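Could you build all of it, start to finish, from the sequences and the hints given here?
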Amino acid sequence: MRLAEYEAKEILKGYGIPIPVGAVIRSPGELEVRLGDFGDEIVLKAQVPVGGRGKAGGILVVRRDEAISRAADLFEREIRGFPVKEILAEERLAIGKEYYLSIAVDRSSRQPLVLFAGAGGVEIEVVAREQPDAVRRITVSPLLAEIPPFALRDLLGDLAKDLAPVANRLFRVFLEKDAILAEINPLVTTPKGIFAADAKIIVDESALARQKLPRGRAQSDREREAEAHGFSYVDLDGDIGVIGNGAGLTMATIDLIALYGGKAANFLDVGGGADRERVKHAVQLVAGLSSVKVIVLNILGGITRCDEVARGILDAGISQKVMVRLAGVNENEGRALLAGKGYTMYETMDETVLAAVEAIR
Amino acid sequence: MIYADRSTGVIVTGATGNQGKFHIPLMNAYARQVGGRGIVAGVTPGKGGQESAGVPVYNSIRDALKEHDAGAAVVFVPAGAAMDSVMECAYAGIGLIVAITEQIPVHDTMKAIEYARLQGSVVIGPNSPGLLSPGECKLGIIPAQLATRGNVGVVSRSGTLTYEVIHELTRAGIGQSTVVGLGGDPVIGQTFTDVLRLFEDDPETEAAVLIGEVGGSLEEEGAASTDLPLVAYVAGVTAPPEKRMGHAGAIIEGGEGDARSKIRRLDDMGIAVAERPGEIPDLIRGYL
Numbered sequence: 002m003r004l005a006e007y008e009a010k011e012i013l014k015g016y017g018i019p020i021p022v023g024a025v026i027r028s029p030g031e032l033e034v035r036l037g038d039f040g041d042e043i044v045l046k047a048q049v050p051v052g053g054r055g056k057a058g059g060i061l062v063v064r065r066d067e068a069i070s071r072a073a074d075l076f077e078r079e080i081r082g083f084p085v086k087e088i089l090a091e092e093r094l095a096i097g098k099e100y101y102l103s104i105a106v107d108r109s110s111r112q113p114l115v116l117f118a119g120a121g122g123v124e125i126e127v128v129a130r131e132q133p134d135a136v137r138r139i140t141v142s143p144l145l146a147e148i149p150p151f152a153l154r155d156l157l158g159d160l161a162k163d164l165a166p167v168a169n170r171l172f173r174v175f176l177e178k179d180a181i182l183a184e185i186n187p188l189v190t191t192p193k194g195i196f197a198a199d200a201k202i203i204v205d206e207s208a209l210a211r212q213k214l215p216r217g218r219a220q221s222d223r224e225r226e227a228e229a230h231g232f233s234y235v236d237l238d239g240d241i242g243v244i245g246n247g248a249g250l251t252m253a254t255i256d257l258i259a260l261y262g263g264k265a266a267n268f269l270d271v272g273g274g275a276d277r278e279r280v281k282h283a284v285q286l287v288a289g290l291s292s293v294k295v296i297v298l299n300i301l302g303g304i305t306r307c308d309e310v311a312r313g314i315l316d317a318g319i320s321q322k323v324m325v326r327l328a329g330v331n332e333n334e335g336r337a338l339l340a341g342k343g344y345t346m347y348e349t350m351d352e353t354v355l356a357a358v359e360a361i362r
Numbered sequence: 094m095i096y097a098d099r100s101t102g103v104i105v106t107g108a109t110g111n112q113g114k115f116h117i118p119l120m121n122a123y124a125r126q127v128g129g130r131g132i133v134a135g136v137t138p139g140k141g142g143q144e145s146a147g148v149p150v151y152n153s154i155r156d157a158l159k160e161h162d163a164g165a166a167v168v169f170v171p172a173g174a175a176m177d178s179v180m181e182c183a184y185a186g187i188g189l190i191v192a193i194t195e196q197i198p199v200h201d202t203m204k205a206i207e208y209a210r211l212q213g214s215v216v217i218g219p220n221s222p223g224l225l226s227p228g229e230c231k232l233g234i235i236p237a238q239l240a241t242r243g244n245v246g247v248v249s250r251s252g253t254l255t256y257e258v259i260h261e262l263t264r265a266g267i268g269q270s271t272v273v274g275l276g277g278d279p280v281i282g283q284t285f286t287d288v289l290r291l292f293e294d295d296p297e298t299e300a301a302v303l304i305g306e307v308g309g310s311l312e313e314e315g316a317a318s319t320d321l322p323l324v325a326y327v328a329g330v331t332a333p334p335e336k337r338m339g340h341a342g343a344i345i346e347g348g349e350g351d352a353r354s355k356i357r358r359l360d361d362m363g364i365a366v367a368e369r370p371g372e373i374p375d376l377i378r379g380y381l
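For the record, the sequence lines run as chains A and B. So for the first sequence, our numbering puts the first residue at 2; every next one is plus one. So for the second sequence, our numbering puts the first residue at 94; every next one is plus one.
These are computed hints drawn from the structure, not numbers from a lab. Please note that a few of the clues may not be correct.
Unchecked claim - SDA-like mimics (lysine to any residue), calculated; alpha carbons at most 25 angstroms apart, straight line:
hint, chain 1, residue 1, chain 2, residue 2
1, B, K336, A, Y261
2, B, K140, B, D98
3, B, K204, A, H230
4, B, K336, A, H230
Remember, it's a predicted structure, so these values are computed and weren't measured experimentally.
Written as structure tokens, this is what we have:
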């Protein structure tokens, strides 16, 4: 889960990494009260959970006398599809040099990966593509509590003396906050010292409980409802409802719909061992989407029993057509329960999906 | 077959929980059917001396190993303690550790996998359905009735999608040497590279099916590391970016790990990529 910039900066501050003077405002009036805190020029930064907001007009540098009206304008805007509900107002730093510094979970090495680049403020993916030599990288054993000095020298070169403390503080943030990414971009030099001018922290979803963070902030109401039932759920924009058991199988079902020329309305994985009640909720949830004209239910029973699934479908009592594929444990019992009740049943996922796509045409 | 065979004795950790109680009998029924040793002991701290699903339970791996000979462990311990259990297994010298548990914090996983590696143990998972060598052994939760013995290795990041593929292979009369579920998490112990190398050296395996999904680049790395004839399938062509598609690891982040670019890279290596799971049997038949 991605934290807002101001939350990430508060964390950095707590670990001794300097951040600009700033305040979060939720209305132009809140800025008025704090107007004297930032100096003659103020940076207004829309707190939207998306990259590239600078280019999209989400970061403004304004004079103090125009700050309130410019903030009011920014509150009216949408940045890359996200309404601006919070703005971080900050002092404008007198920036000398800009650097990039991040620590991420690296899937390939299965270790924390520290990246440093002498050019900051731009997207690191772009730098890595265009000037691969400009990005330095080291991996750190996950059994170490800090980045060893030799690795910091490798990473930072001549800058090690100035930047090593920041790198190790960020490493502690990464470890202690269960981050999958902790990024400072840019890390800047100013006459007053080094500052994190922007920060991004993504917290591991599997660690939200021990980090005492609420789940699902960036979710739609439906995504939240689905999660409350224990489903993995994502809204999509088509008209074929999809329910599967297992993430891979459900993804493959959605892909197959597209391959046959249809469009899925959602991704819903009921999870392993779903019983009658869970299946009922899943079917009702998907049937409740106004866009859904037909539902594909693709179950390959291992821990999940096909007869339980069939009972859940019957309990749901919905009006849309359901194309059912039940294979695996108790498939015959499941099919027998649904026989003669108006459900169409298929042997394979190919047949099921094809029938659904054709039903809509 | 790779990793284990019917002579491998297996310990289940988290043996007295619901998952353990449900799956120990299934694994042991399979062991009886194929003449294997199966689950020889269970471990749950504080429950030593009890029995769970017909196997004796011990307080620790060490205690269990005093009474039983075991070369592998299957971990069903809940997320908060699962990686501790992996480390306990590694410390006690268990060579193969299969972690079924899901939703483990990724920092815990990184530590435990590194620790196990230093102890000389191999970890499959976490968030894995386990390992199945038809006719030999079952370590985990892969439904054995869908599989049949043969010469195709199957390696996957998924659970039920793997079952789908072995179901289709079996229906097409194509048997499997070993089926390995790597796990759906971003950080996993064994990767495509590790498993494909073992398949390459396995006299029983003639070709392999690689089942990937969005997120990371382990599919491409694995495919590039082997000369074994391969058929690949990658799920999530229509997955939107920055959305977690069920598995913790199935997410396109920072513009990386999308299915189309994975498929393109596999294609560039000359690997047959199936457009849909149903195509896999016909494609793999060409290599047998």
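Okay, the hints, checked on the actual structure:
Distance restraint check for K336(B) and Y261(A): the Cα-Cα separation of roughly 23 angstroms lies within the 25 angstroms cut-off, and the hinted pair is therefore satisfied. For the hint pairing K140(B) with D98(B), the CA-to-CA distance comes to about 29 angstroms; that exceeds 25 angstroms, so the pair is violated. Of the supplied pair hints, the one linking K204(B) and H230(A) is violated, its CA atoms being roughly 31 angstroms apart against a limit of 25 angstroms. For the hint linking K336(B) to H230(A), the alpha-carbon distance of about 19 angstroms falls within 25 angstroms, and the restraint holds.
In this structure, the earlier hints numbered 2, 3 are contradicted, and the remaining ones agree with it.
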